[in-house]
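Engineer: Listed below are the residues making up each chain.
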Amino acid sequence: MSEKKREEVLKIDHMTMQFGGVVAVDDLNLVVRQGEIVSLIGPNGAGKTTAFNVVTGVYPPTNGAVYFNGREIVENHPRGKMKKLYNGEHAEDYTKTLAPTPDKITKLGIARTFQNIRLFKSQTVFENILIAEHMRRSSNLFTATLHLNAAEEKGMRSEAERLLGILGLEDVRDEMATSLPYGKQRRVEIARALATKPSLLLLDEPAAGMNPQETKELTEFIGQIRDDFQLTIFMIEHHMDLVMEISDRVYVLDFGKLIANGTPEEVQNDPHVISAYLGVQEEG
Amino acid sequence: MSKKTEVIINVALIGALFLVLFLLEQNLPSTHMLFTVLKKGAIYALVAVSMNLLNGFTGLFSLGQAGFMLVGAYTYGVLTIPVADRANVYMYFDGGLIQFALHPIIAIILAGALAALFAYLIGLPVLRLKSDYLAIATLGFAEIIRAIFQWDQLGPITNGSNLLRNYPSYKSVLFYFAASGVCIALIVMLINSTYGRAFKAIRDDEVAAEAMGINLAHHKRIAFVVSSFFAGVSGALLAMYQTSVQAAMFKSAMTYEILLIVVIGGIGSVTGSCISSFLFIILSEWLLRFLDTETYIGDFHVPLLRSGFRKVVFAVIIMIIVLFFRQGIMGTREFSVRSIYNKITGKSRKKEEGGAAS
Numbered sequence: 137m138s139e140k141k142r143e144e145v146l147k148i149d150h151m152t153m154q155f156g157g158v159v160a161v162d163d164l165n166l167v168v169r170q171g172e173i174v175s176l177i178g179p180n181g182a183g184k185t186t187a188f189n190v191v192t193g194v195y196p197p198t199n200g201a202v203y204f205n206g207r208e209i210v211e212n213h214p215r216g217k218m219k220k221l222y223n224g225e226h227a228e229d230y231t232k233t234l235a236p237t238p239d240k241i242t243k244l245g246i247a248r249t250f251q252n253i254r255l256f257k258s259q260t261v262f263e264n265i266l267i268a269e270h271m272r273r274s275s276n277l278f279t280a281t282l283h284l285n286a287a288e289e290k291g292m293r294s295e296a297e298r299l300l301g302i303l304g305l306e307d308v309r310d311e312m313a314t315s316l317p318y319g320k321q322r323r324v325e326i327a328r329a330l331a332t333k334p335s336l337l338l339l340d341e342p343a344a345g346m347n348p349q350e351t352k353e354l355t356e357f358i359g360q361i362r363d364d365f366q367l368t369i370f371m372i373e374h375h376m377d378l379v380m381e382i383s384d385r386v387y388v389l390d391f392g393k394l395i396a397n398g399t400p401e402e403v404q405n406d407p408h409v410i411s412a413y414l415g416v417q418e419e420g
Numbered sequence: 110m111s112k113k114t115e116v117i118i119n120v121a122l123i124g125a126l127f128l129v130l131f132l133l134e135q136n137l138p139s140t141h142m143l144f145t146v147l148k149k150g151a152i153y154a155l156v157a158v159s160m161n162l163l164n165g166f167t168g169l170f171s172l173g174q175a176g177f178m179l180v181g182a183y184t185y186g187v188l189t190i191p192v193a194d195r196a197n198v199y200m201y202f203d204g205g206l207i208q209f210a211l212h213p214i215i216a217i218i219l220a221g222a223l224a225a226l227f228a229y230l231i232g233l234p235v236l237r238l239k240s241d242y243l244a245i246a247t248l249g250f251a252e253i254i255r256a257i258f259q260w261d262q263l264g265p266i267t268n269g270s271n272l273l274r275n276y277p278s279y280k281s282v283l284f285y286f287a288a289s290g291v292c293i294a295l296i297v298m299l300i301n302s303t304y305g306r307a308f309k310a311i312r313d314d315e316v317a318a319e320a321m322g323i324n325l326a327h328h329k330r331i332a333f334v335v336s337s338f339f340a341g342v343s344g345a346l347l348a349m350y351q352t353s354v355q356a357a358m359f360k361s362a363m364t365y366e367i368l369l370i371v372v373i374g375g376i377g378s379v380t381g382s383c384i385s386s387f388l389f390i391i392l393s394e395w396l397l398r399f400l401d402t403e404t405y406i407g408d409f410h411v412p413l414l415r416s417g418f419r420k421v422v423f424a425v426i427i428m429i430i431v432l433f434f435r436q437g438i439m440g441t442r443e444f445s446v447r448s449i450y451n452k453i454t455g456k457s458r459k460k461e462e463g464g465a466a467s
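One line per chain: the protein sequences are A and B, in this order. Each residue of the first sequence is one higher than the last, beginning at 137 in our numbering. Each residue of the second sequence is one higher than the last, beginning at 110 in our numbering.
No wet-lab data here; the hints were simulated from the structure. Honestly, I wouldn't trust all of these hints.
[As the list claims (entries may be wrong)] Quick list of in silico lysine-lysine cross-link-like pairs, BS3-like style, CA-CA up to 30 Å:
1) Lys-239/B / Lys-243/A
2) Lys-290/A / Lys-113/B
3) Lys-452/B / Lys-290/A
4) Lys-240/A / Lys-452/B
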């Protein structure tokens, strides 16, 4: 398959995440390649969002590593007390930690959206998107306060303006972000993530709470931004229509363990998946 | 209304304000209550805005303002007492350690800088905390600062728990308005810059702000240090206004007064803080003074009026505000020439922007 030759954008290597005695993610290995749309599915509480949070630096994994474009971005191979606490398979491998904060991960080019929309509620759509420009500032506190960075400020605004135009959000530019209908808020959140100029976009249940019509529009939207922005997309989703329609590959988690992966068709027919996720088929 | 006319109107209004103040000063006796109120109002406006930068715009609920004002007030006092007067002021400490005096303006800036330095150091452990815990920790540190400044062993520098006095001070109300105005303008410019947008993002949603590439620790530290800088400056101005300074006056009650001003004005509104600061000072220093004095009308002894009753009235006012007017006077809105113009002409903001684009 030609997919094999594509570059690996995201690689999760033996990721384990324990919260006390609860193993939320158990020895997860997965790969997302350049230009793919990969879905991570699984029943509620399977550890999907936890995996996202580890990738984006919200918390360091109990064990394992994450690579982005071949470069190690998150790693924890525990020692000392943590090693005793972690009783997984790879405890003896290395002892090394690399735990950047989420803003550093974003700067590397991984953007994300949230399961329950997290827009900046007191700000307009435009301002929500404009905030992404802050991390590319070259001005410091003094030049920014004294407005000596007028050119940069203008650039920031026109860039945000341009993105609004591309994504068809000009008509809601000055609306309060949280006053929009649900589907639009999702779009604004995706737009805001795109404003950080990512090469990898993580979408956490983008179609949650949407009706079939909105879901259909969203499906088209995701496909479109993948092409327009040359993105790689890794998403968590529950809507099977959406997953099956646009995913190149699907990973299935259950109780933190990877139980299947492959093309949508392969996964749909996998007996493990059917029993764990789609429900056990009744016989006779 | 174009941006240019807006600027011209604003400049004209500020000019008119200073002219009125100037004329008042020429025509009224300098001991008039009005000047007391205006000076103190300007100082409290600055510290209220600095607190609003932290509480209202960055979402860090900090109660350390009085502590940083104390640092500013002491820095100003210690650095500006004329060398000739030091033996007298530091009579219990052999004239003190410091034997030089700086220009008041330089001392004011240093007052802010030292308060900012304290804030930086306190911020290292404290800014890891959130919401109420941060409030408790900053309140605690403010009290610790006060205790340290009263410590006898530091007497050669701080004069222990004795008064600092005899330092130079500007008497004109114009100076207080100018100094406070410049500082508030700087804070407003900061809020309107890209950093201000980052602060508001942190206030609205920390997790999302971090996902947008905003370094939380760095930005919280900036907000805390800048806010404390201006608290320090206002402390220096307060020292100047009072002509003597003592650590004992910077109790947590002072922080609560400032918090009261911020809440009445509207958390997240700079102009709200300014308006409510003058309102608060006018009421507490002038119009409601009568509440604290026992009064007889003929032979009738008016009940309730006695020392301390003013505080009861303020307690009731704050309860009413918190219960029924949670937004304060201004909410998060700002008072500006443009907003009045739009109100008069009935134009909404959206229409105006649309008109400007086409």
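Engineer: Now tell me, hint by hint, if it's right for this structure.
Structural biologist: To see whether the hints hold, each was checked on the structure:
1. With a C-alpha separation of about 25 Å, the suggested pairing of Lys-239/B with Lys-243/A holds against the 30 Å cut-off.
2. Between Lys-290/A and Lys-113/B, the direct Cα distance comes to roughly 18 Å. Compliance with the 30 Å bound is thereby established for this hinted pair.
3. About 28 Å separates the Cα atoms of Lys-452/B and Lys-290/A, which keeps this hinted pair within 30 Å; it holds.
4. For the given pair, Lys-240/A sits about 44 Å from Lys-452/B by alpha-carbon distance, which is inconsistent with the 30 Å threshold.
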